[in-house]
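Chemist: So the protein sequences, as listed, match chains S and Z. Just so you know, we're using the working numbering here: the first sequence kicks off at 380 and counts up by one. Just so you know, we're using the working numbering here: the second sequence kicks off at 55 and counts up by one.
Please note that the accuracy of each hint is not assured.
As the list claims (entries may be wrong) - Quick list of the computed label-pair ranges, beta carbon to beta carbon:
id, chain 1, residue 1, chain 2, residue 2, range
1, Z, F72, S, T477, 23 to 33 Å
2, Z, S197, S, D482, 21 to 31 Å
3, S, I579, Z, Q190, 46 to 56 Å
4, Z, V81, S, D608, 31 to 41 Å
5, S, I579, Z, N185, 53 to 63 Å
6, Z, S97, S, G445, 31 to 41 Å
7, S, G536, Z, V184, 43 to 53 Å
8, Z, D282, S, P592, 47 to 57 Å
9, S, K455, Z, G273, 20 to 30 Å
Hints are computed from structural coordinates only; laboratory data are not their basis. No residue lacks a Cβ here, since even glycine has one placed at the ideal position from N, Cα and C.
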Amino acid sequence: MAKIITVTSGKGGVGKTTTTAALGAALARTGDKVVVVDFDVGLRNLDLIMGAERRVVYDFVNVIQGDARLPQALIKDKRLDSLFLLPASQTRDKDALTEEGVDKVIEDLSRHFDWVICDSPAGIERGATLAMRHADIAVVVTNPEVSSVRDSDRIVGILDSKTLKAERGETVDKRLLLTRYDAVRAARGDMLKTEDVLDILSLPLLGIVPESPDVLRASNFGVPVSIHDPDSAPARAYNDAARRLKGEDLAVEVPKQKLGLFGKFLRRAA
Amino acid sequence: MNAVSRSGPSIRFRGRSFMAMTLVADVPLQQWLADFDIWLERSPGFFTGRTVVLDMVGTAASKAEVERWIGELATRGVRLIGLEGIRPSMVDASMPPLLRGGRDATLIIPDEPVAVPEAPRKSAEPAEPVNMVIEQRVRSGQSIVCLEGDVTIVGSVGAGAEIIAGGSIHVYGALAGRAIAGATFGAKARIFCTKMEAELIAVDGIYRTAEDIDASLRGRPVRVWTEDDALRLAAL
Chain S
380 MAKIITVTSG KGGVGKTTTT AALGAALART GDKVVVVDFD VGLRNLDLIM GAERRVVYDF
440 VNVIQGDARL PQALIKDKRL DSLFLLPASQ TRDKDALTEE GVDKVIEDLS RHFDWVICDS
500 PAGIERGATL AMRHADIAVV VTNPEVSSVR DSDRIVGILD SKTLKAERGE TVDKRLLLTR
560 YDAVRAARGD MLKTEDVLDI LSLPLLGIVP ESPDVLRASN FGVPVSIHDP DSAPARAYND
620 AARRLKGEDL AVEVPKQKLG LFGKFLRRAA
Chain Z
55 MNAVSRSGPS IRFRGRSFMA MTLVADVPLQ QWLADFDIWL ERSPGFFTGR TVVLDMVGTA
115 ASKAEVERWI GELATRGVRL IGLEGIRPSM VDASMPPLLR GGRDATLIIP DEPVAVPEAP
175 RKSAEPAEPV NMVIEQRVRS GQSIVCLEGD VTIVGSVGAG AEIIAGGSIH VYGALAGRAI
235 AGATFGAKAR IFCTKMEAEL IAVDGIYRTA EDIDASLRGR PVRVWTEDDA LRLAAL
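Input sequences plus hints: build the corresponding full structure.
Modeler: Written out as structure tokens, the structure is:
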């Protein structure tokens with residue numbers, strides 16, 4: 380049986396889809412069988428980030444409505460043999476996803492994969508609650524700023540009440556992934572500090588992904604950032620996060636500001 | 055849209071639904087017919103005056119096989135009013151029309167077969183083609199469906215948009231979304247666009263995704279048609 384991960388945040392634009400693709404590729408790179416599922420019906424993007432948009436024939440809604448069988452809708456990644464995508468439909472709305480339909484698809488997927496990663500849409504409506512329904516692990520993607528932290532707090536509350544695990548009296552394993560972390564702004568005090576975010580949300584930290592042009596570059600190429608340039612800072616952060624998901628105990632590295640020559644000399648103002 | 059009124063005799067079309075019995079075909083044909091004959095021996099006259107639709111889903115029958123099937127049933131006194139579950143291109147004028155969108159219903163079979171008047175053959179056939187013209191850009195997420203005829207778009211079709219036509223599709227602009235032609239009228243349908251950027255094109259159920267579209271045709275005016283059950287593309 381697969382472990383089911385839901386990547387969620389409440390707020391839009393914090394990096395859910397980037398994270399889904401990056402964690403999916405990072406886990407698949409270790410040889411595990413991984414499927415990433417786009418729950419954002421009507422505003423799909425995961426296919427673009429995965430570079431599979433030119434190969435979509437059938438989608439999640441087609442499978443739920445019985446127009447296609449699940450293997451017909453799964454798209455195999457071109458770079459990693461054990462990575463698959465189930466794309467969302469762009470022309471339907473979220474009501475096309477039914478609870479029974481989602482249950483059936485997730486159940487089928489979890490029989491054939493090691494990891495099922497659900498990319499949640501923004502918000503707290505139907506699409507988001509359906510995406511988190513089956514979660515064993517929730518990756519709460521948060522930017523170090525007040526509005527994102529507040530939305531994440533709201534999502535954590537929903538994770539504790541509206542998931543199958545919650546209904547069974549169990550709790551979903553929730554991990555915080557801090558993204559778009561800007562070391563320069565953190566040093567200036569323009570951003571919430573990591574400790575403050577951890578304090579407010581009181582979740583274990585899965586990783587800190589620095590703000591980086593590498594992320595944008597990778598998505599423009601349609602390659603998950605974790606495999607686009609494995610030596611880049613965000614790629615290392617995502618690959619480490621994947622190792623933590625697999626149970627490794629790694630210390631979380633806080634991205635540091637790269638200082639130039641003058642920076643080193645002029646570090647402190649008197 | 056403005057209503058145009060004119061005098062003169064008017065022809066009226068009405069929608070009406072009838073209950074039909076669906077006979078589910080199974081392969082191999084010979085075996086199925088043998089079973090059918092045994093069954094018919096026990097219930098002679100069962101099909102007299104009944105409206106019957108032949109469901110071919112899952113048989114993967116060729117046109118010749120479908121014709122043979124229809125013929126074999128006719129010799130046993132089963133008159134088909136429609137076919138289900140085969141490609142539109144396999145149906146010609148000599149065959150019962152292809153039916154779509156059937157819903158399951160409880161079939162109440164009276165003990166005595168009732169003499170049903172002439173089967174409503176006409177109502178199942180598509181009426182005059184109804185064509186659709188859209189004079190604006192079709193945006194991502196929009197789905198234009200016209201199963202009765204052709205669709206013409208004066209403008210572009212964005213990535214993530216979808217056009218489904220019973221007949222042909224004409225796009226006077228960039229086609230960056232999906233174009234599915236021939237959903238009703240099959241292999242006769244074509245796709246034309248002034249700039250080919252499509253995510254997926256299909257005629258009569260035969261599709262091709264962006265990845266399999268020849269890169270040399272990208273961005274150019276292109277026409278798409280079918281020939282011998284294969285999709286063909288050429289620059290205009």
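Chemist: Evaluate each hint against the coordinates.
Modeler: Here is how each hint holds up against the structure:
Checking the proposed 23 to 33 Å range against F72 of chain Z and T477 of chain S shows it holds: the Cβ atoms sit about 31 Å from each other. The given range of 21 to 31 Å is respected by S197 of chain Z and D482 of chain S, whose C-beta atoms sit roughly 26 Å from each other. For the hinted restraint 46 to 56 Å between I579 of chain S and Q190 of chain Z, the CB-CB distance of approximately 47 Å keeps it satisfied. One distance hint, 31 to 41 Å for the beta-carbon pair V81 of chain Z and D608 of chain S, is violated here, with the actual separation near 54 Å.
For I579 of chain S and N185 of chain Z, the Cβ-Cβ distance of about 59 Å falls inside the hinted range of 53 to 63 Å, so the restraint holds. Between S97 of chain Z and G445 of chain S, the C-beta spacing of about 33 Å keeps the proposed range 31 to 41 Å intact. G536 of chain S and V184 of chain Z have their C-beta atoms about 52 Å apart, which keeps the hinted 43 to 53 Å range intact. Range check, D282 of chain Z to P592 of chain S: about 50 Å between beta-carbon atoms, so the 47 to 57 Å window is met.
Checked against the hint of 20 to 30 Å, the C-beta distance between K455 of chain S and G273 of chain Z comes to roughly 28 Å, which is consistent with it.
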